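K.L.:
Listed below are the residues making up each chain.
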Amino acid sequence: DAGITQSPRHKVTETGTPVTLRCHQTENHRYMYWYRQDPGHGLRLIHYSYGVKDTDKGEVSDGYSVSRSKTEDFLLTLESATSSQTSVYFCASSRAGEENIQYFGAGTRLSVL
Amino acid sequence: GENVEQHPSTLSVQEGDSAVIKCTYSDSASNYFPWYKQELGKRPQLIIDIRSNVGEKKDQRIAVTLNKTAKHFSLHITETQPEDSAVYFCAAKAGGTSYGKLTFGQGTILTVHP
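Chains W and F supply the protein sequences, listed in that same order. Residue 1 is where the first sequence starts when you use this note's numbering, and the numbers rise one by one after that. Residue 1 is where the second sequence starts when you use this note's numbering, and the numbers rise one by one after that.
For reference, chain F alone in the conformation it holds in the complex (with noise of 0.2 Å):
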């Protein structure tokens, strides 16, 4: 099955600074890449997404770039705000299935210091 690698388990920015996830994905039927952010005792919640066609997706500060080549795709934050702290995962959906089954990364607790 899929299996989905994220790095790094914890990082620390300054405020206004930029921020850098990564993720790697095993199987390279995959078309489907979404991330979650989860704030301390809250749900995850799709905060963007990108498909196997697209090599990059901005939405405002943040943004998803996927190199399907090297099964990487990776989440840029820019200027980043103390609302930015939180736990964020990584996700593919492996080709061929359907349902919307999804393998997550480990998450990646990102803490912004004011």
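The shape of chain W in the complex, shown without the other chains (with noise of 0.2 Å):
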């Protein structure tokens, strides 16, 4: 596996709380995306990043925030978590010329309750 570590692995909250989710890599990639994993729907695209301090959002993007101070991390903010979000989050980063081609971390799974 990429050096793709995602912190914390398990997470229990209330709704209305802020969470954060960190994504750390080791490999230098420059693009980075987090995505959200649930029955039915495969993996949806929440925000991506293709540098330092450059974002943009996927397709279910609506409550989350994302912010990429260092090439090696890659933060998702929930800022006022609620039920629809209980989800496996994963992240995954992908390097320039391969960009294609995705290594994603281990999951975290968030409950919002």
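Because the hints were derived from the structure by calculation, they are not lab data.
Pairwise CB distance ranges (calculated):
1) W/Arg95 x F/Pro114: 37 to 45 Å
2) W/Ser80 x F/Pro114: 45 to 53 Å
3) W/Gly63 x F/Ser28: 26 to 34 Å
4) W/Ser69 x F/Glu79: 47 to 55 Å
5) F/Gln14 x W/Val88: 28 to 36 Å
6) W/Gly40 x F/Gly96: 22 to 30 Å
7) W/Lys70 x F/Arg61: 39 to 47 Å
8) F/Glu39 x W/Gly40: 13 to 21 Å
9) W/Gly16 x F/Gly41: 25 to 33 Å
10) F/Arg61 x W/Asp38: 27 to 35 Å
11) W/Asp38 x F/Glu39: 17 to 25 Å
12) F/Lys58 x W/Leu113: 46 to 54 Å
13) W/Lys53 x F/Glu79: 44 to 52 Å
These stretches of chain F come out as covered by chain W in the derived footprint (C-beta under 8 Å, 3 or more residues):
14) 42-51
15) 103-111
Just so it is clear, the structure is predicted and the values come from calculations on it, not from any experiment. Ideal placement from N, C-alpha and C gives every residue a C-beta, glycine not left out.
Fit chain to chain and form the complex, with the hints in mind.
P.N.:
So this is what it looks like as structure tokens:
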């Protein structure tokens, strides 16, 4: 596996609280992505980054924000968590020149009660 | 935007049989089609991919075929083994986009019975 780690691996939180998930990669990959995985929906792109401080929205970005201050770190923030954001979140990264080939982290299971 | 439909949602086969999973896409400009395998509780991992200028690609027991005219592509697994049991996802990258933006299908749960 590429050197990509997610933290925390599991989190339970309450509706209305802010939550930040962290993705850290040691591969010097230029591109990073956040997905959510829900039954019957596959993997859906939330936000992605094409460089430090360069980010853009994916198909399900409402209620989420991201930041990338360093090449190796990509943060996903739920400003005010809702029960509909209960999901498994995966981070992925890819290198310049091979941006199509994405390597995934182990995932974060988030439960919003 | 791109839309990817994947079928079937579940597939059960006997060990040694072949398995076929099919995906259709909507954007005729899509140019890259990967397949990911996700074992239970694990991360998705790329197992094979194909580009739009190629009709078929093989890697040992797995192969992918692409029909650009019909806008569909398929994963073929021959001589299935119990360790092939997993969720398989197809994906497509729309043409004209960069940064590896992929649209995934809904996934197929493959079960291989010994």
